[in-house]
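Quick note: the sequence shown uses our numbering, first residue -14, plus one each step.
No lab work stands behind these hints: they were computed from the structure. Among these hints, one or two may not hold up.
[To be verified] Simulated pairs of lysine-lysine, BS3-like, Cα-Cα distance not exceeding 27 Å:
(1) K186 with K54
(2) K83 with K127
(3) K186 with K157
(4) K98 with K77
(5) K127 with K70
(6) K104 with K127
(7) K127 with K98
(8) K170 with K186
(9) K104 with K186
(10) K83 with K186
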Amino acid sequence: RRTSLVMQTAAPYGTISVPENGALLPRTSRRATASAVIGALAAVVLICVVFSITQPGPLELETHAAVQKQLDDVVGSYAQTLVAKNPGYFQKLQDDWKQPSAHIANWCTTASKSRSHSKETVVYPMSGFDIMWLKACFPNAKRYVMLAQQPAFPNSASVDTGIQAALDGFSKVHYLTTVGQTGAKIDATRLFAVVLRVLYKAEVHHARICPGTTVADGCVLITFSMESQETQEIMYWSSNL
């Protein structure tokens, strides 16, 4: 015999009639309740696992600090020291780039109907280290996002002569070839620091591991400014594209 005793569940099972003798809930309701409990427990476990994965361990923090120190060293003195070793070479590079850079800027202005002068973010897939064309075409962009396979951070394989080797080809054909970049054993941070200083007389303020990322993610964020201009950023992502 049923009674008018009724229990309203929180959701999604609706209204359930309970026998007067206090019998258990109907089998379908028990299954639904059990499923809900299991689902809630699974969600808690998943949250705990994700939280533990996203928290950097001691080794990761140590690596992060070591890489950041390398980046600080590059910004602090590396580019200035390298340029001082061979000032004639880098001065010639700057002189040779002025005319091609102006042609690129004019072409981009015409092709985009002057939209290339916008301050919006520019994304450059398969960019390699080619900040030169990007800066020539979109001179005012607040942020340049570059996606490439070449390494972002300095490492033991990086060599000073590699930067000059990569730029040798650039000085002749006015773009960075893939072979020239991959064979030169260079990284984005060092090359950008030198190029920004030599070609644009820019001041590099910071080079940092991108916020919210780890060293393994391969992302470096470089902030710089040219004389009497606003601060700009290069966000370079290294990945197996």
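Hints and how they fare:
A distance of roughly 24 Å separates the Cα atoms of K186 and K54; the hinted pair therefore holds under the 27 Å criterion. As the CA atoms of K83 and K127 are separated by approximately 22 Å, the hinted pair is consistent with the 27 Å bound. Distance hint between K186 and K157 is fulfilled; the C-alpha atoms sit about 21 Å from each other, no more than 27 Å. Of the pairs offered as hints, the one joining K98 and K77 is violated, with about 32 Å between alpha carbons and a cut-off of 27 Å exceeded.
Restraint check for K127 and K70: not satisfied, since their Cα atoms lie roughly 32 Å apart, outside the 27 Å limit. At most 27 Å may separate the alpha-carbon atoms for a hinted pair to count; K104 and K127 meet this at roughly 5 Å. As the CA atoms of K127 and K98 are separated by approximately 19 Å, the hinted pair is consistent with the 27 Å bound. As the CA atoms of K170 and K186 are separated by approximately 24 Å, the hinted pair is consistent with the 27 Å bound.
Between the alpha carbons of K104 and K186 the distance comes to roughly 20 Å, so the proposed pair stays at or under 27 Å and holds. This hinted pair checks out: K83 and K186 have alpha carbons roughly 13 Å apart, not beyond 27 Å.
Hint compliance for this structure: hints 4, 5 are broken, all remaining hints hold.
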